[in-house]
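Enquirer: For reference, the chains in residue letters:
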Amino acid sequence: MQNKEKNSSRREFFKKLPVLALGTATLASCNSKELDEFLQQNFKTLTKAEKAEIVKNLEEKYSKKYGKKFSVSDAPADEGVLFGYALDLSRCIGCRRCVYACVGENNQSRDPQIHWISVLQMEKEKGIDFAHSNANYNPETVPEEGHFYIPVACQQCRNPQCTTVCPTKATWQEEDGIVVVDYNWCIGCRYCMAACPYGARHFNWGEPNVPNDEINPDTHYLGNRPRPKGVVEKCTFCIQRVRKENGHYPACVEICPVGARKFGNLLDPNSEIRYILENKRVLVLKEELNTQPKFYYFFGI
Amino acid sequence: MQNNSNHRRDFLKKLTFAFGSFILFSGFKFKNQSNIETNINKSKNDNSNFKTISKSEAEDLIKKSNTEINLQLKPEPAPIEKHVK
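So the protein lines, in turn, are chains A and B. The opening position of the first sequence corresponds to residue 1 in this note's numbering, with each subsequent residue numbered one higher. The opening position of the second sequence corresponds to residue 1001 in this note's numbering, with each subsequent residue numbered one higher.
Among the hints, a few may not be true.
[Said to hold, decoys possible] Derived BS3-like pairs (lysine-lysine); straight-line CA-CA distance at most 27 Å:
no., chain 1, residue 1, chain 2, residue 2
1, A, 286, B, 1074
2, B, 1051, A, 126
3, A, 33, A, 15
4, A, 280, B, 1051
5, A, 280, B, 1055
6, A, 33, A, 69
7, A, 126, B, 1063
8, B, 1064, A, 126
9, A, 126, B, 1055
10, A, 124, B, 1013
11, A, 286, B, 1055
12, A, 124, A, 15
13, B, 1074, A, 124
14, B, 1014, A, 124
15, B, 1063, A, 124
[Claimed, not checked] Reference listing, derived: stretches of chain B covered by chain A, where coverage requires no fewer than 3 residues with Cβ under 8 Å from a Cβ of chain A:
no., stretch
16, 1055 to 1064
17, 1073 to 1080
Quick caveat, the hints were computed from the structure, so don't treat them as lab data. Even for Gly, the Cβ is constructed at its ideal location relative to N, Cα and C.
Excised from the complex, chain A in its bound form (with noise of 0.2 Å):
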């Protein structure tokens, strides 16, 4: 009876062995580097220290599997400073440079296409009419006769729904108002996606794709580099960009050929969003949802 229990626990034994052995083999075949990139803590718990050494381990990964000096920022955010921005619609021409300078400078996948930005051609006649507007139109020119275009991205929402959702606190509202994605901490649950009332989050279903010769590798971490398969992103209002020391417009404003985009600080009562919000009548998208845009339509005329 004895002897048959014994034989018993062998065999359980011989059977774990193989689930052992692969977990060891698992693990040693890891590096140290992507050992600490798995165990890695959330982005707001780091010390300074422990993220000046994940850009660094980040840099010289994305520099080895481009073939290009790659820059990962961690700038916080400034003090003083709430980024707003607004959209003149009766500027528009729906000509979507915006959407792929945007793709550019963010490193957004090619194929499988993922565009932060959606240009929405709706009928006059129709009014905003977001159940029938079209996103695909491709006319020889635009603007087309009878039509008007509602560029969407992140809202940047004062009371944004996809953050109380996530289950890790992978997403999370920055001091300077910017809705922000933790890369690995993404757990690709779409919740956010779900919660975002604007469709303004985008999710990688497979391995982004992205030239060599065409990445951008001025990133940021929580902005434009390189995102794995599996995880969510969206509009950061060029983080990148915007918190560099002397402050860049986002890509899309810069692009813009009719000058219908404007950005600023909201807190500076002499900048141009200010300026507008102080002197135009604003259309925030899905007021009645409470989340409290940070991106303003108006009208110039």
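Dock chain B against the given chain A, drawing on the hints supplied.
Expert: Frame of chain A; chain B shown alone:
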């Protein structure tokens, strides 16, 4: 009997400790919450003087207005349509 009263004493001792910790930690939480609230209120008050228009007002403006720009451009390629199966 003695054993029972010891248990009770231990329990009451721990209860005081638990109660003290509860107050300490809840105070800490309140402190953080008030900080967050202040930040949100600050950002709300700083541009609370803007006026929004309703969707119908915006639609009226759209119907009445002509695009200010006379520029005609070839649009960049449309996004690839995603077909839902």
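Enquirer: Each hint needs a verdict: does it hold in this structure or not?
Expert: Results for each hint:
1. 286(A) <-> 1074(B): Not satisfied, since the Cα-Cα distance of roughly 31 Å exceeds 27 Å.
2. 1051(B) <-> 126(A): Holds - the C-alpha atoms of residue 126(A) and residue 1051(B) are around 24 Å apart, at most 27 Å.
3. 33(A) <-> 15(A): Status violated; Cα separation ~32 Å.
4. 280(A) <-> 1051(B): 8 Å, holds
5. 280(A) <-> 1055(B): With Cα atoms ~15 Å apart, residue 280(A) and residue 1055(B) stay inside 27 Å; holds.
6. 33(A) <-> 69(A): Holds. Residue 33(A) to residue 69(A) sits at ~19 Å (cutoff 27 Å).
7. 126(A) <-> 1063(B): 9 Å, holds
8. 1064(B) <-> 126(A): Distance ~13 Å between residue 1064(B) and residue 126(A) Cα, so the pair holds.
9. 126(A) <-> 1055(B): Cα-Cα ~12 Å, so holds.
10. 124(A) <-> 1013(B): Distance of about 74 Å is beyond 27 Å: violated.
11. 286(A) <-> 1055(B): 9 Å, holds
12. 124(A) <-> 15(A): 70 Å, violated
13. 1074(B) <-> 124(A): 21 Å, holds
14. 1014(B) <-> 124(A): Given that 27 Å is the threshold and the Cα spacing comes to 71 Å, the pair is violated.
15. 1063(B) <-> 124(A): Holds, at roughly 5 Å.
16. 1055 to 1064: holds (count 8)
17. 1073 to 1080: holds (count 8)
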